[in-house]
Amino acid sequence: MNSTHAALQHELDQQSFWKGLSLFDWVWAIIVLLGTGYAYASYSSLMDGYEKGILVSTGVSLVVLGWNWKGIRVLSLAVFLLSIFGVSRYVNGLADAEVDFFLRFLVSSQSAIMWMSALYVLATVTYFIAFFARSEYSGKVASAMTWSATTMGLVGLMVRWRESYLIGLDVGHIPVSNLYEVFILFSIITALLYLFYERRYQTRMLGGFVLLVISAAVAFLLWYAFDRDAADIQPLVPALQSYWMKIHVPANFVGYGAFALAAMVAMAYLVRANAEQKQSNGIAMTLPTLDILDDLMYKSIALGFAFFTLATILGALWAAEAWGGYWSWDPKETWALIVWLNYAAWLHMRLTKGWRGKPMAIWAIVGLFITLFAFLGVNMFLSGLHSYGEL
Amino acid sequence: MNNQPSTPIAPPAPRTSALWLKFLGSMNLAITLLVALSVAAIIGTVLQQNQPYTDYIIKFGPFWFDVFNQIGLYDVYSSSWFLFILFFLVLSTSTCIYRNAPNMLREMREYRQNIQLKTLENYLNTHSWVLLQSVEDIQHVVQKILPHNGYSARLKEGDGYVLISGMKGGASRLGYILTHVAIVLICIGGLIDGNAILKAREMLGQVVPETRNIAASDVPQISRLGFNNQSFRGSVSIPEGRQTDVLFLNYKDGYLVQELPFSVEVKDFRIEHYESGQPKSFESDLVVYDERLSVPIEETISVNHPLIYDGYSIYQASFSDGGSELDMLAWPLAGANKLPQKVKTKVGDEFQMNVLNEPWVLEASNFRLFNINPSDNPEKKFENAGPSVQFKMRNKMGEAKEFLNYMVPVERDGAYYYLSGVRGSPAEEFRYLYVPVDDKGGIDRFMAYLHALGDEELLQRIATEQNFIGATLPTKNTAQLNEAMIRLVGLFVKNGMDGVIEQVEKNAPAEKLDEVSKLYVRVLQQMLGAVYVDVLIKEGVDVSLGVDETKAEFFDAASAAIGAMGRYGSPVYFQLSSFVHHQASGLQIAKAPGKNLVYPGCAMLILGVFLMFYAPQQRLWAWLEQADEGVKFVLAGHAIRNKLDFSKQFKQIQAQFERVLNG
Ligand code: HEM
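Same order as they appear, the protein sequences are chains D and E. The numbers in the first sequence follow this note's numbering, run straight up by one, and end at 416. The numbers in the second sequence follow this note's numbering, run straight up by one, and end at 1512.
By construction, these hints were calculated from the structure, which means they are not laboratory data. Watch out, some of these pointers could steer you wrong.
Distance ranges between label pairs, derived from CB positions [said to hold, decoys possible]:
| id | chain 1 | residue 1 | chain 2 | residue 2 | range |
| --- | --- | --- | --- | --- | --- |
| 1 | D | G62 | E | Q962 | 41 to 51 angstroms |
| 2 | D | A64 | E | Y1265 | 45 to 55 angstroms |
| 3 | D | L376 | E | F1219 | 49 to 59 angstroms |
| 4 | D | F406 | E | F1219 | 23 to 33 angstroms |
| 5 | E | F1219 | D | E123 | 53 to 63 angstroms |
| 6 | E | F1279 | D | G62 | 52 to 62 angstroms |
In silico lysine-lysine, DSS-like type, Cα no more than 25 angstroms apart, as pairs [to be verified]:
| id | chain 1 | residue 1 | chain 2 | residue 2 |
| --- | --- | --- | --- | --- |
| 7 | D | K44 | E | K1500 |
| 8 | E | K1245 | E | K1191 |
| 9 | E | K1116 | E | K1101 |
| 10 | E | K1500 | D | K95 |
| 11 | E | K993 | D | K383 |
| 12 | E | K1500 | E | K1481 |
| 13 | E | K1343 | E | K1250 |
| 14 | D | K165 | D | K95 |
| 15 | D | K271 | D | K77 |
| 16 | E | K1191 | E | K1129 |
| 17 | E | K1191 | E | K1241 |
| 18 | E | K1497 | D | K44 |
| 19 | E | K1250 | E | K1195 |
| 20 | E | K993 | E | K1481 |
| 21 | E | K1048 | E | K1101 |
| 22 | E | K1492 | D | K378 |
| 23 | E | K1500 | E | K993 |
| 24 | E | K1005 | E | K1481 |
| 25 | E | K1129 | E | K1116 |
| 26 | E | K967 | E | K1005 |
| 27 | E | K1195 | E | K1241 |
| 28 | E | K1387 | E | K1367 |
| 29 | E | K1193 | E | K1129 |
| 30 | D | K44 | E | K993 |
| 31 | D | K95 | E | K1497 |
| 32 | E | K1241 | D | K271 |
| 33 | E | K871 | D | K378 |
Covered by chain E, per the in silico footprint, the following chain D stretches (three or more residues, Cβ under 8 angstroms) [as the list claims (entries may be wrong)]:
| id | stretch |
| --- | --- |
| 34 | 186–200 |
| 35 | 258–267 |
| 36 | 329–337 |
| 37 | 361–373 |
A virtual CB, placed ideally from N, CA and C, is assigned to each residue, including glycine.
Can you build the whole structure from these sequences, using the hints too?
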């Protein structure tokens, strides 16, 4: 009797959330909060309420994220240190990027982004080697490469942010304002989402599939940068000078990233489903089971849908300020609606009609093409009010 | 036994209203509507909406233009069929809420305490123990462990058993309701702010769009909308220092005039530029006058920072010229008249003029103070090409070409030119005439050269002076030869080198074509050169040692420009000499009362979607009953969503019990 009580007490104590936190968790929280506090104390005089709010909530989210996902800690610290290093190497202005060794080969935004690009492509190849050779070691290397690529991508964006201010105080802005910058964002977010599920489901077999989209994005990015000189930092046109942009764009890209992840998982699903049909025993059977793939596909579409809803609404609020109406049936807006309706229909089919399996996987892949059109095609083929990112 | 034949009982016929309800609330209809809406939306993006009707006629031809017009393809989003789809979506979603919400609300609060042991044992997630502890003790443990895992719990003492039912994530059902109510609110709000009401009034004949280009005050009552029009979005261009109390709404192939209960003055309009020359901000200083206000409101608006007054939102939308005053020199392009005519006009005005005994109308349509163009210079992305004026020259037949003239010379490959663009219609790109600048930085030498080429006497003299030795033109004597020379020059000025070649092709025998045209070109060059040297001499240039390189380059450029003059299409070249810049600010003024439904709807939608996905409903039950060997404890769980995650969670909870009770 008493032993039961004691056991219960012990159990309740052990499982309590706060007590479950390790020493490292606390160290993490303290580091982040100290950093946030320092930033607040030093710069709050330069910030408005909105910016202070963002700073504080970023700090808190980072603590919680780090508690739930250890990988984020190393990533944040690496990004932080490298970015600070990169920014500190700029002493005499932008021209330092050509002269300073570290800037030139590592941490100027251009170099960091080249590192990111190279690492993502290498990671893709390595993931496929891991997949075909069934090599666990290669899988680990591929993961490490993906983490490093993500780090370099984030460093690239951070340093670019600073570089924009070096061009001119009035030119400086957060780097989410043109197609080049958002493509980097897209790669990073997709990779992070993937890495999250990689740990969650303890499988690296999907890496090659997901990184394939990222490699495609990188290929586009490089083409865009070299062929169209898109890597230059441009000042913001008046319509883009808005707070809404800073949250609308990242929210959108969580959506796009999640949809891309879902489509690539769907591809893996089709591969495995085919193998099962043929009762093969090949490599395809090392992929996670259909149940897991299906679940993962649903989860990332749900995540994407939630963020895409948020992003579209933020976009509408922004439009209300910039264009005089929350909805103008501008092609970009309209295509966002189409993407949204498409995934709404997908979710309904799954949740209320219980559709599963191949048709849903194919639909998720088609969904990516619709998304791609909304993301790129509209800028290329249709004209409208969305002024950034013309090809 | 009864042997009576049993009367077959038909199932009671469902009432029509029930059938309708079923149809409207069906998922198939919902998905069909979602897909239909997407397709309609795609059409609207592929075909550019609300363009001038003439553009569509050009694109599709009169027949298809009419067909497409009938089915509303030029304004898909306010066509009746599109509104019909939206309307059905509202109806269907409402029905769906009506049918599901009561259940969901109940389910949110219900702990399912009537569940049977059998059901529990059949669930996917279930585990049973036989334990030695007392029922009370186990019950105590359950009541601690369930809340510890986030479940709220209810106890029921049944006949020989105790059932503890736990539930978590009831809010996901609320999420469903929020999401779907939000859809209804947003659609209704959108319908209010769209132009459905206006369309209805138009169909009833209460409003007719105005298609003529006339002053707002002359627009008849039938094309005017009063203060009672609750939702609209229109635009108006206000020159600095002026005010307006009306707006223009583009409607079909015309417009409507919307009256405002106040007037807006634009005191000043400003464009700021980045160092690179790209625009940085557009701002207008506004004053709002309203009888209801004791003091007028003064405020500065800019892009992304509108002024909200009395439910009306006033936005900085665009800018244009507000009637800049222009002083221009009109240089005649034909004949020997050297003196330019002074012309004073204003952007937006028409200026009648007489050139070479023909009436022409100059219609200045735009003036720009800056022209920020992509730069050829790799160091700089953009360059400011300075002020420009855009205008049309209309001849007596009413035909016009459009021109774009730059005020200051621009550099190209080291030399400077006056640029004048010309095009036949707005659909074309401008093609540019490059008029070279002389040593003094002016246009005079070019004009002197051009006029010299139109001066027959002069040409006669020069042709005589020139000794065209070796010229084997197919003519017999000098007089004829000179005549031919002058004709050749005339031809060149009128139609360019192409005209000369054409002439050769007409006259020369085919086998000698090449030879003859080379000859013509050489002779023409010689003649042009001689005229040019004459112009230089008259200017006072010493040519005894020949012509220097710049002057030679000038000759080439000037001759090329004159060769292109035939296609220029204006009898004069306008040189902008001075201007007074007046700007106009393009405002958009909107009233959107539907916002009051749409914005709360958006908030509900976000909340609802996150609740639905991230607060999945999960249930646990603990069934305790006294058995022979001890207490039978059945733990079972059920979730409708995220079953994989739930199974994992169930295993963890099961393990907790295992440790506490069997540990
Ligand atoms: C047009 C009529 C509509 C009907 C009849 C309808 C009906 C339903 C039903 C019955 C569910 C399942 C609820 C449940 O069992 O959990 C559902 C779920 C859902 N509906 Fe609708 N819906 C409609 C429109 C929409 C629209 C326009 C959207 C917007 C995108 C939408 C978004 C959703 C979402 C995201 C879910 C997921 C539910 C979950 O995760 O549980 N619905 N809808």
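Evaluated hints:
| no. | hint | result |
| --- | --- | --- |
| 1 | G62(D) <-> Q962(E): 41 to 51 angstroms | holds (50 angstroms) |
| 2 | A64(D) <-> Y1265(E): 45 to 55 angstroms | holds (53 angstroms) |
| 3 | L376(D) <-> F1219(E): 49 to 59 angstroms | holds (56 angstroms) |
| 4 | F406(D) <-> F1219(E): 23 to 33 angstroms | holds (31 angstroms) |
| 5 | F1219(E) <-> E123(D): 53 to 63 angstroms | violated (31 angstroms) |
| 6 | F1279(E) <-> G62(D): 52 to 62 angstroms | holds (59 angstroms) |
| 7 | K44(D) <-> K1500(E) | holds (21 angstroms) |
| 8 | K1245(E) <-> K1191(E) | holds (21 angstroms) |
| 9 | K1116(E) <-> K1101(E) | violated (32 angstroms) |
| 10 | K1500(E) <-> K95(D) | holds (24 angstroms) |
| 11 | K993(E) <-> K383(D) | violated (43 angstroms) |
| 12 | K1500(E) <-> K1481(E) | holds (19 angstroms) |
| 13 | K1343(E) <-> K1250(E) | holds (17 angstroms) |
| 14 | K165(D) <-> K95(D) | holds (16 angstroms) |
| 15 | K271(D) <-> K77(D) | holds (14 angstroms) |
| 16 | K1191(E) <-> K1129(E) | violated (36 angstroms) |
| 17 | K1191(E) <-> K1241(E) | holds (17 angstroms) |
| 18 | K1497(E) <-> K44(D) | holds (22 angstroms) |
| 19 | K1250(E) <-> K1195(E) | holds (18 angstroms) |
| 20 | K993(E) <-> K1481(E) | holds (19 angstroms) |
| 21 | K1048(E) <-> K1101(E) | holds (10 angstroms) |
| 22 | K1492(E) <-> K378(D) | holds (16 angstroms) |
| 23 | K1500(E) <-> K993(E) | holds (17 angstroms) |
| 24 | K1005(E) <-> K1481(E) | holds (16 angstroms) |
| 25 | K1129(E) <-> K1116(E) | holds (20 angstroms) |
| 26 | K967(E) <-> K1005(E) | holds (17 angstroms) |
| 27 | K1195(E) <-> K1241(E) | holds (13 angstroms) |
| 28 | K1387(E) <-> K1367(E) | violated (30 angstroms) |
| 29 | K1193(E) <-> K1129(E) | violated (32 angstroms) |
| 30 | K44(D) <-> K993(E) | holds (17 angstroms) |
| 31 | K95(D) <-> K1497(E) | holds (21 angstroms) |
| 32 | K1241(E) <-> K271(D) | violated (44 angstroms) |
| 33 | K871(E) <-> K378(D) | holds (16 angstroms) |
| 34 | 186–200 | holds (count 3) |
| 35 | 258–267 | holds (count 7) |
| 36 | 329–337 | holds (count 4) |
| 37 | 361–373 | holds (count 7) |
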